[in-house]
Amino acid sequence: MLAELPFTTAEAIAAEYKPGVRLTSKAAIRTLRSKSVVSDGVSIRPRREHGRVAGGQHIYSALNLDAVRLYRRGDEAAARKIAERAQALERGDGAARLAKALADEPEPVVGSGWMVFRTSNYDGVLEKALAELSQATEHEREAMGDAVDLGRATFARVVKVHSDVVELRLDEGGATVPLPAHELPERMAPAVGSVVALRWEDLGAGMTLLKAAPAFETGARSGPAYPYDRPLLGEEPPTVVEGILASAPTIRRPRAIPIRGVS
Amino acid sequence: MEIGTPVARYLGEDDRDALASFRCSTGAWFEDEVESFVATQLLRRHAARRLHTRHTVIGLEAESGELVAVGAHEEDLLHDGDSPFTSTFLVVAAVAVEAQGGTLPDVEPLDEGRLVSVGRYLLEVLMSDADAAAREPVFRAVVAKDNVRSLALCTRVGLTRVLADRDPRFEQRLGVVRQG
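Chains as they are written, first to last, in this note's numbering: chain A, 2 to 264; chain B, 101 to 280.
Take these hints with a grain of salt, some might be off.
Unchecked claim - If you want the footprint, here are the derived chain B segments under chain A, 3+ residues with CB under 8 Å:
id	segment
1	236-249
2	268-276
Said to hold, decoys possible - A few chain B residues that don't get close to chain A, going by computed Cβ distances all over 10 Å:
id	residue
3	M101
4	G104
5	A162
6	G165
7	E166
8	A196
9	R214
Said to hold, decoys possible - Computed list of lysine to aspartate or glutamate pairs in DMTMM-like fashion (alpha-carbon distance at most 20 Å, straight line):
id	chain 1	residue 1	chain 2	residue 2
10	A	K19	A	D203
11	B	K245	B	D132
12	A	K212	A	E173
13	A	K82	A	E139
14	A	K161	B	D117
15	A	K161	B	D115
16	A	K82	A	D150
17	A	K212	A	E12
18	A	K161	B	D114
Don't read these hints as lab results, they were simulated from the structure. Since the structure is predicted, the reported quantities are computational estimates derived from the model, not experimental observations. Think of the CB as a built atom: it goes at the ideal place given N, C-alpha and C, for glycine as much as any other residue.
If we strip away everything but chain B, and leave its shape as in the complex, we get (with noise of 0.2 Å):
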């Protein structure tokens, strides 16, 4: 299925409404949280966090103005041995259920030599956006595992160095950005 570019648009409040009704779940445990997690919390924690951190919301629109795409990235303190360092956090990151495996036929294909899907998109944008902060290229994810085709992208796109997490139902994923 391949559909127009979507435009990337910052969210926030006014936006509530549309997180409410935001569905991303075919019935897969992780996506049933992903999809309460986004309709129920991702504002109310936006606003918290951004006394502390520049926590971002981002979503992609349809022309026809529906979200096909949420994502959130803000700060992460990593250490590499002693030394603190700030990178960044891929918050979440959820497609639309009518979106779920679309393609974007006029954005230009990236390294992996076919087309952009939304998903892939919305990690482009959400790492565009980090990209301009001034933390270190480092991004890092939490995915669960039994979540099979986001591991996929996460390999995808890059994040491939994998720690394990504290829950175990999870994994981190984390990769380097390549500068210039």
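Extracted from the complex, chain A is given alone in its bound form (with noise of 0.2 Å):
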């Protein structure tokens, strides 16, 4: 099942509130928050080698997207409520263990500008938090629905990668829509499978938005787990192996062999 990411960054917000503006996320922040159409979001502190914490990071509920666009058009009641439900979305369990898993990732998935995420790179403690996570939002915007149109994510698939377009083919339908390269970050460049969470926004007098976000799916990975997928060390009883180390040797000491690159 294809998914939007439950969470979104600060400049990603400050795109939503003011489309094709440069305007600094901090600056959008400030004031979205003290319109209160914003939640507070949730920090997470990146743990990288040797279990030392690198640079904090700062995510924010998906739903903060949804509401800084009401609030752009106008509805900022509708704006509020939304933001109150990513705040609630943010204090609860389903964060904290996205946020943990996140923090556990061996290499950053939220980069500036854009998340970072690549489907073939997050493991099942994360997918798991994730997938929580994002039930736990779009059973919000069901709830909301009714309401206010929140309208709809479409996916789509990477189907080519070329030096200026990306070449999308849609999952439903399957049209393939073009996409500029130069929209991704050299970081996010997506390999060719990636999926994709596509917007449409209707500016009226003819204009149409086209907003594109990493997406996910749910229950992709079924590779096996056992026995190449071992706990790490501390994290279950030892093997003991009687008398070992004093036995008698059984393997010839390996001829050393050069290795190219580097490990």
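Combine both chains into one complex, guided by the hints.
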């Protein structure tokens, strides 16, 4: 099942607030917060080499994008209600689990401007946390959907990457949509097969805004877990092998074989 | 089938596509699992586990640049009685379908008096790399009981001590490297 990411960044919120306008995310968040149409967000502290914390990141419930869009379109009351629900989601256990899973990722998955997200690079814990929070976010959207039109995302997969254009194929219907490659920051450059969530917004006067964001696929990875995906050292009782260190050698000392590259 | 000596190379993120298309299964369930693991999870796990342990992925490349075998090892914590020690866990070792049964005539035969197979060479490369790390000279692998070929290779290499595994489909194989 394809799903939108349940979190977003300050930069994405700023872009939603003023599409096409260069606005610092700090200024945008400050303004939106003064109107109570954006939530506080959640801090994540990535763990890096040797367990050291490297650079904090801040993420927000994806509901904030809905709230800010409604605010931009003049429905401040609905925007506030949605921001309240975003705040509630961010304070829940699901957001805490997701923040921890993101912090444990070996590489940053939340970047500047765009969320850097590769579907092949998350493990079961992050996938589960994402799926859980995504479900809760959709539930909130559905609950509010009677009162306000939040629209819905259309999903597409990257089928071809050219130097200047990325070709996306819609998951429903199979039509192909080009997306300018310059819209994608370097680190986001999607591989063929990556999933993208598209949203079209009618701006009137014949203008339509196309927004693309990384998406993910729940339950897509069904590879084997055992014995390859072992617990880390210390996560389960150690294997005891009595007398192994004093036992007679059984393996011929391997020859030193040169290995190219860097481990 | 004799093939030229492949080049050993550390694998990483740039090899994602090559690993995704690596085929090592001829249909057995344990081969399917290894193939799926290599194609979809090995690099992901490599990135995650490198934060905690020296997890290393190595490929054997033919002259054409094709991967003929893929393996990985990482640190392993074992206990001998009450004494914990760091040894080596052979995470995975897989030979491409086209290279299975292949032998390397240019590699000096080892103590078994026969041409070195691609699988045997892969294990030696993995052990050679791990041997350079500051670990106790103990190797451990978890092998499917149905994988008769790999179990035979384990025996030839010296992974001869057998321990029951928590998953009854598998058994653990251990061996100690001769020093000096």
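The hints, checked one at a time:
no. : hint            : in the structure
1   : 236-249         : holds (count 6)
2   : 268-276         : holds (count 5)
3   : M101            : holds, 21 Å
4   : G104            : holds, 15 Å
5   : A162            : holds, 14 Å
6   : G165            : holds, 12 Å
7   : E166            : holds, 15 Å
8   : A196            : holds, 18 Å
9   : R214            : holds, 14 Å
10  : A:K19 x A:D203  : holds, 15 Å
11  : B:K245 x B:D132 : holds, 15 Å
12  : A:K212 x A:E173 : holds, 17 Å
13  : A:K82 x A:E139  : holds, 15 Å
14  : A:K161 x B:D117 : holds, 15 Å
15  : A:K161 x B:D115 : holds, 19 Å
16  : A:K82 x A:D150  : holds, 13 Å
17  : A:K212 x A:E12  : holds, 14 Å
18  : A:K161 x B:D114 : holds, 18 Å
Comparing the model with each earlier hint shows no violations; every hint is respected.
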